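Novice: Chains as they are written, first to last, in the working numbering: chain A, 1 to 429; chain B, 1001 to 1419.
Mixed in with the good hints, there may be bad ones.
Below, in silico cross-link-like pairs of lysine-lysine (BS3-like), each with a Cα-Cα straight-line distance of 30 Å or less [as the list claims (entries may be wrong)]: (1) B:K1212 <-> A:K221; (2) B:K1407 <-> B:K1050; (3) A:K221 <-> B:K1083; (4) B:K1005 <-> B:K1040; (5) B:K1407 <-> B:K1418; (6) B:K1050 <-> B:K1388.
Calculated from the structure, these hints are not laboratory results. Note that the structure is a prediction, hence the values are computed from the model and not measured.
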Amino acid sequence: MSGVELQTQAGPLAARIDAANELAVERLSRSALRWIDVRPAIEVLPGMTRETVLHAGPRIEWDRMCGPQRNGVIDAMLYEGLAPDESTAERMVARGEIRIAPCHEFGAVGGMAGITSASSPVAVVLNETTGDYGYSQLFQGPRGRLVSRDDYRRESIRQWRWLDSVLGPTLSDAVRARGGLDVRNLTARALQMGDESHNRNSAATLLLTGALMPSLLDTCKDPARLRDCVQYLGEAEQFALSVSMAAGKALAQSIRNIEYSTVVSTLCRNGVDFGVRVAGLGDAWFVAPANRVEGLYFSSEWSDADAVADMGDSAIMETIGLGGHVQAAAPALQQFVHGSFSRAVAMSREMEQITLGRANDLQIPALDFAGAPLATDIRRVVATGITPIIDTAIAHAKGGVIGAGQTRAPLACFQQALQAFEQRYGSLS
Amino acid sequence: MSELKSRIEQANRQALETITGGRPVLVDVLPAIDCVPGMKPNMILHSAPKIAWADMCGPHRVGVIGAALWEGLAATAEEADAKLAAGEILVEPCHFHDSVGAGAGITSASTPMLVVENKAFGTRAYSCLSEGGGLELIKWGSYNDKIAAHLRWQADVLGPVLGEAVRASGGIDIKAIIAKAVQMGDECHNRSIAATSLFFRDLIVPLLDTAKDPKALRDSVEFLTVADQFFLHGIMAACKASLLPAKGLEYSTVVTAMARNGVEFGVQVAGLGDEWFTAPANMVDGLFFRSQWSHADAAPDLGDSCITETYGLGGFIQAAAPTVQSYVRGNLAQAIANTVEMREICVGVHNDFQIPNLDFAGAPVGIDIRRVVQTGITPLIDTAITHKQGGLIGAGQVRAPMACFEKALKAFSARYAKR
């Protein structure tokens, strides 16, 4: 174990917790992950229906939802033909005719607003070691520059249409023809090429595109379509994040129900609240107000006044020990937090204090090839006051990505979780 | 400051500006006979410095004979040997023809060459294509039917496919690739994985747009995605193209070329024009890829690839690529220390190449022969290890021999001190 040694007295509870956590660490650090397909959400997400729209983060009432998510849900309803116009859509939601739920409760994750509807193409990643699946939608919000709500809706719908009719099927054919792609291996190489797999994914996207290219040539016989998709992959430097997130979910699913384990199984946010789940506490959400993101805006026209609070399921990356846990892998991100190389290393060292294990196959050169620190223990978070650091993008209140930086998970979530753990299993002190 | 010293300082500043101000762009891929200055049908180029056929190391001998057979200059190895001895087949360093060749550097008339133009000065430099990965390549001094067939495919298929795509692309900005690659774990000599991925990304759409034969396209793409260090040769040509404009800069003590031919190490200095200063090449310190190999099997340092160190990459920026430390059982601290050490012998830095692990300090560049001699610090080179009889057997690091710099400094004094 690394970091702080906790005062736990010997006894059957402590032993059970240790054994459960060991299992969680084993699953998080040693599972084989393979990207096997891209399919419409309705085909693969357990329990998905045409009248369901999913969002990032923990459960939240419609009235409390942030702008990007509310707008995203309405846009998705229009896209799916569930409503002819905005006001009808709003009425349908108010009448409870549409199920609005977290991606996480349907085996999926969604970046930023995370809006996932029936036709959304999702990357399908199989955890070959445990048989769990993880899914992630592919949509990436445009980088700012959109003046109005209508502009954003038009752009979203245009992109959704292209993703579900062009990129989704093209990738599906290529990935299947190739026999899938080893995501774990991809991540291991990308971490040695300046990615930390949350805010910086360019190496993974380059490697993934190269790996798929022969199969793309073999399976996509329409030259214009092929060119379109290849051009997109060349420009969308963050594309691999969707695949990485699906892989993260496939890992997290494998620890979603380990009795007695104090290991975090979910970290996510919806632009209003931050949600945590714990392996030993199953599907229970522990929720507190999300923090703001500290960082740099891509243009001087934006500032904190424009930004939404922390949003997205991409904190699944930190849940599996990447992103903020391995900032030292991506010193180029330091400029977004006015930091330095030594600060990035210190950040990883700090995460070692609240985690229980390492992914030995995911080595960070700048940390002398130490494995990524993973398996966040809620007891350590509460004991030390150190909360998970999350590298993340910053969203505009009206939609679009306008910056990048870092933020912390709120301590309150972990305090609540620890309380619930003790209520269920007994006192730890 | 004496007048000589101030002239030297001024010339070195200009050399630094010239070298770091280069804008190398890949503009074409063509057979050597069609683009390399002074190339002849009966000429085979090799890594510098100049060396007589009779004195060549094993990898060069195998590679040169291989090229002679491949080009049809001789029907058998014996015939090739005789023609080489008689001067009917010519051997010259790539460097004599504004080219660079990694390893044995074997380049002949039909070899497809990367054509790199330094847009800031109009100079061009050339390099053969990388054959890909593997221990047995002509560049490592091996030759057999399989190698010959692959070379044939590169000349007949890959070269033309790349040439069309590169021309259609309007040019691939190599400096921009290097700048990104050094922030993605490459030092651009022993590790050029990021650079190769970036090159592929820049080229893939032009490839799709221009390739007419589906099989040629498919095979070329397959090759490029597997040959994950392919772009080293492009980087080398870019380094050469960036250093060429500084050659002949009077009063400058900055190194414009370094190279090894498996027997000798050679250095060129800006203020001393075309002259090479040579001394016995050192043995490379590193790891062998198979337990059956050891230093007893190794040829001395070989290849023009230290043109990358001459330009401030490779061994000069080990801090950018901690993964390369595994070849010398080193660590990040050692890598950083080595980079800091190289600063001692350089006149400046590349503002365009920033090393994240050094809080984005610029890569040290512009080796000053005076500083090398004064400090006793010789350039550190990341490199491969070849077998005495040809073939790749390991990787590691090596120092340029002090004697080259001492000779160069002596020649510099002889030429300039009396003025």
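Novice: Given the hint that K1407 of chain B pairs with K1050 of chain B, does the C-alpha gap stay at or below 30 Å?
Specialist: holds (17 Å)
Novice: Is the hinted pair K221 of chain A and K1083 of chain B satisfied, with a Cα-Cα distance of at most 30 Å?
Specialist: violated (51 Å)
Novice: Is K1212 of chain B close enough to K221 of chain A, meaning Cα to Cα at most 30 Å?
Specialist: holds (14 Å)
Novice: Measure nothing beyond the straight line between the CA atoms of K1407 of chain B and K1418 of chain B; if it is 30 Å or shorter, mark the hint as holding.
Specialist: holds (17 Å)
Novice: When you check the alpha-carbon spacing of K1050 of chain B and K1388 of chain B, does it fall within 30 Å?
Specialist: Given pair K1050 of chain B, K1388 of chain B holds - Cα atoms ~19 Å apart, limit 30 Å.
Novice: Take the C-alpha atoms of K1005 of chain B and K1040 of chain B, compute the straight-line distance between them, and say whether it is at most 30 Å.
Specialist: violated (43 Å)
Consistency with the previously given hints fails for numbers 3, 4, ordered from lowest to highest.
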